[in-house]
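Counting from 1, one number per residue, gives the positions in the sequence shown under the UniProt record's numbering.
I should point out that these hints are in silico values taken from the structure, not numbers from a laboratory. Please note that a few of the clues may not be correct.
[Unchecked claim] When the alpha-carbon atoms are kept at most 30 Å apart in a straight line, the in silico DSS-like pairs for lysine-lysine are as follows:
| # | residue 1 | residue 2 |
| --- | --- | --- |
| 1 | K8 | K20 |
| 2 | K215 | K136 |
| 3 | K136 | K28 |
| 4 | K130 | K28 |
| 5 | K130 | K17 |
[Claimed, not checked] If you anchor each label on the Cβ, the simulated ranges turn out as follows:
| # | residue 1 | residue 2 | range |
| --- | --- | --- | --- |
| 6 | G74 | K130 | 17 to 25 Å |
| 7 | T119 | Y6 | 29 to 37 Å |
| 8 | E15 | Q200 | 32 to 40 Å |
| 9 | T119 | T35 | 36 to 44 Å |
All values reported here derive from a predicted model rather than from experimental measurement. Where is the CB? At the ideal position from N, CA and C, for every residue including glycine.
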Amino acid sequence: MATTVYVKNIASQTEDKEIKDFFSFCGKINSIDVTSEGETKSATVKFEKETAARTALLLNHTKLGTNEISVTGGSSEDDTTHDDSTTDRSPDAGLTQEEKPRARVLAEVLAHGYLVADTGLEKAIQLDEKHGVTNKFVNTVKQLDERTHATDKAKAADASYGLTARANSLLTGLASYFEKAAQNPTGKKLVDFYTTSSKQVQDIHAEARRLADLKKAEHGGNAYAASGLDKVFGRFTGGAAKPNDEVPGGAPANAAAVESETKPTAPAGTGESKVIH
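Between the sequences and the hints, there should be enough to build the whole structure, so can you do that?
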């Protein structure tokens, strides 16, 4: 089972913690080994599950920091399985990254200000549709809903907002992923995103913007903190939050994710390797 991916052309100024946090979007990491190679870094990331590794392959050509990275592995991202098990799960554990549709995972990456190649977004949509991941995801949420008795809450919200019980059940199950304000008149659009298989790349960008707005609201309107950049470049002090395109490594607010014409080249030289714990 291939659970390891190899990352090249990481900018030397990109901190090891950011590399680990970035690939944690894909799923649980067992180990990560970062090596300095002249002006760049490389990383070997070993995930707990193969699903996470295959999702990570979709981040090939994503811009991490100042560089467009190369992500390769021992298997294709076109897998025939997806983690949809709720076995031995605590009712309070929530959904794992591996259980989410890949379109959702990449929407989260975009929401944090990273530029993901449209080819990766298109592939995520194709894989979700091909392997019925969206249906599995909905079924997983339903199972969680039954375990946590969230249906009663869903029915109450249905009476208030006129949404279907199924829709509210899904919203309740997603409450731990920036969905605190989900049960409102705009909730139907959110449910459509996760229950409709025929998505387009622009739909993922729209979902990313929605997640970013919710995340920003949770941080008191501070876009700098909401993007997580305060953890990388230090706390923002004084004045209004910087626009995204003025923050180092941040994507312009209105930028479309486009694949670069320049493919990353393998860096020369080797350096000392270190493992992040």
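Just pull the numbers of the violated hints for me, sorted ascending. 5, 7 and 9
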